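Chemist: Listed below are the residues making up each chain.
2 protein chains.
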Amino acid sequence: MRDVAFVGQGMSKFGDREDASGRELAFEAFEETMKDVDATRDDIDSMVTAFGVDETNHSAQPSSEVVTYLGLNPKADFRTEAACASGSAAVRSGYMTIASGLADVVLVMGVEKLNEFPTSHTTEVFGKAGDTIWEYPYGTTFPGYYAMMATAHMSKYGTTREQLSEVAVKNHKYATMNKYAHMQKEITLKDAVSANPVAHPLNLYDCSLITDGAASVLLASEEKAKEMTDTPVWITGLGGGTSSSTQFKRSDNTSIRGARVAAEKAYEMSSKSPEDIDVATVHDCFTIAEIIAYEDLGFCEKGKGGELVEEGETYADGKFPVNLDGGLKAKGHPIGATGVSMSVEIAKQLGGEAGDRQADGAEIGLTHNVGGNGQHVFVHIYERG
Amino acid sequence: MRDVAFVGQGMSKFGDREDASGRELAFEAFEETMKDVDATRDDIDSMVTAFGVDETNHSAQPSSEVVTYLGLNPKADFRTEAACASGSAAVRSGYMTIASGLADVVLVMGVEKLNEFPTSHTTEVFGKAGDTIWEYPYGTTFPGYYAMMATAHMSKYGTTREQLSEVAVKNHKYATMNKYAHMQKEITLKDAVSANPVAHPLNLYDCSLITDGAASVLLASEEKAKEMTDTPVWITGLGGGTSSSTQFKRSDNTSIRGARVAAEKAYEMSSKSPEDIDVATVHDCFTIAEIIAYEDLGFCEKGKGGELVEEGETYADGKFPVNLDGGLKAKGHPIGATGVSMSVEIAKQLGGEAGDRQADGAEIGLTHNVGGNGQHVFVHIYERG
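As you go down the protein sequences, you meet chains V and F in turn. Just so it is clear: in the first sequence, position 202 is 201 by numbering that gives the first Met the number 0, and no numbers are missing. Just so it is clear: in the second sequence, position 103 is 102 by numbering that gives the first Met the number 0, and no numbers are missing.
By construction, these hints were calculated from the structure, which means they are not laboratory data. These numbers were taken from a predicted model, which means no experiment stands behind them. Don't be surprised by glycine CBs; every beta carbon is placed ideally from N, CA and C. Treat the hints with care, as some may be off.
Computed list of lysine to aspartate or glutamate pairs in EDC-like fashion (alpha-carbon distance at most 20 Å, straight line) [unchecked claim]:
1) F:12 with F:352
2) V:248 with F:23
3) F:248 with V:23
4) F:155 with F:300
5) V:301 with V:275
6) V:225 with V:382
Derived coverage of chain F by chain V (criterion: at least 3 residues anywhere in the stretch with Cβ under 8 Å from a Cβ of chain V; other residues may be distant) [to be verified]:
7) 58-69
8) 184-194
9) 203-215
10) 232-243
Listed below are several chain V residues computed to face chain F (Cβ distance under 7 Å; list not exhaustive) [as the list claims (entries may be wrong)]:
11) 58
12) 197
13) 235
When you get a sec, could you build the whole thing from the sequences and use the hints?
Modeler: Written out as structure tokens, the structure reads:
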């Protein structure tokens, strides 16, 4: 088992990118990724590409268009899909490609075009990531799933409307410090609390964005990493987990089982505990999801996630800085790109390259990426070289 | 890098399976896979699941429904997609999961429901696996892509109408010896030559089937494999390659570049050459594809693929037995399941369990799986333990 490092990372501008196709967004991310690395296309052995859904990309084999547009034929590639965790499945696959000895240098790319239809139709398409026999046909979509989780969490732990909104306020604030983020607008707690309802108790500012974008990382074996960069970031822990495809079968809607399992594995593999984490990007597709993530990752006791953000502990100067890139909430959530962009942010943070939103002295980082309403979850832990 | 073995394999009945959902087909394959293995669900650490297309499966996260239905939550899983090579991408990912040390025992599953629409619509959906900016919008679908390859091959090498049909005759014959195969009907050369046209020069019997099905293999590390079976089959070579997303950009339509690259890598990794291969399953989505596969794999000189089948060299008693399970042509081609079912056949052949269609004394096998019209290709080499 060989050590695997990030040697480069980059992303396209996230947003409503009607100016660019998926392959063009990928090219933007690729250029950013390669610009500070002592490597060229020729050094790349293999590729893994994440896309979330066929329909919004108008394609049944979207990754092949990216490989060709980047000029990487005939190198090996395949697509990973795990709904909203597709990007972290790609990072995991990139790690495995190198650690297994099949390649020395792997480009991991995540891409998604979403602003192709009215939001109502896109939400309908996403709904098919829920169980398509037992839930989707009855009208369930993701704002509804997470609204049920929010209701359960508020009922069981006393989580408040204001605590949900605190997540939005924090993530909008940090997005303004990230030039790649979709939203560039600070909001007040009053704005966030009083926004129009989407699925009670979630309102507009509780929901992440319909975003186009791409993000990529270049991974390398220990030997190659040392040739390519002076500032490698090592992947030291990987955990994966799954939850029931149906939400109705879950005994508890205040936590995601697959996330707890994935976190436990990642901590165990890297010999780390929650207290060791200096900076994290977590899956805030809805504000309640970030609060549940704090708890599933062990950043606080169960039920205390609302208080954690309210007390400022997940800001850059808090105990567990979370989503300093703006998160899915304000950076945006282009499905296939999301998990990869989480890794991009952690690599920047551990490299001390995060500018105004830098978590001081961050040496150990974590990404937490949830597919659907918990069907697939990946947690990765990274350490500065 | 740890050695990785097949310890179990199975498949559902392939066919027009309106009696079963995707998850139910997966369960059939899973039961077959586990029945001769000294292992239970508890021994499985992780899973990889191949599905080809969202639309025919009516889902945007189809693998999650399989994980849950098999009772494997909360074990890690993700989906691989590489169009028609999705299943081989899953086998490759299963290998990587174990060889990288992330798991000891991995279930690799491939599933596809296709008989959900009229064939014309399914063909349209598949067309989106071609380049969706530069070719698909102008009406290209897969019979057309492969018809162009057939025309080029006939023009350049003198490949005949009869030689194309010989592939169909062979594969239909062997499908009748495989109870899991979709087609159970021998055909004559006259039948095959005179069938109705689909895309000139390809006719009905040159085309593979619209099939529902699932196939799975259980992979294990060396240590675990020895506990679980007396007849492991080892994965000793893996190669991946890609070709341009557009066919018009390729300089030669008589060969698939990604396939040549994938084969070269697999032979190199396993220290084998074409002459060493005792039995193979290759990607005969259309009859011309099998002829091109012979050549890309080095089973004959370039341009001589038609003669190879005409001379009987790819029958069970020939020099290179190919597609003794009936191939995509007659066993059927449920996209996500196809590559996995190729591996299932090789495992059976190397285990001496292929009954009437057994290639005598087969010790070394190969699978060749093409996504789209060559965008993704995987070649794997297997050896009897």
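Chemist: State for each hint whether it applies.
Modeler: Do the hints match the structure? See the list:
| no. | hint | result |
| --- | --- | --- |
| 1 | F:12 with F:352 | 17 Å, holds |
| 2 | V:248 with F:23 | 18 Å, holds |
| 3 | F:248 with V:23 | 18 Å, holds |
| 4 | F:155 with F:300 | 14 Å, holds |
| 5 | V:301 with V:275 | 19 Å, holds |
| 6 | V:225 with V:382 | 15 Å, holds |
| 7 | 58-69 | holds (count 10) |
| 8 | 184-194 | violated (count 0) |
| 9 | 203-215 | violated (count 0) |
| 10 | 232-243 | holds (count 7) |
| 11 | 58 | 5 Å, holds |
| 12 | 197 | 20 Å, violated |
| 13 | 235 | 13 Å, violated |
Checked against the numbered hints given earlier, this structure breaks hints 8, 9, 12, 13; the rest are met.
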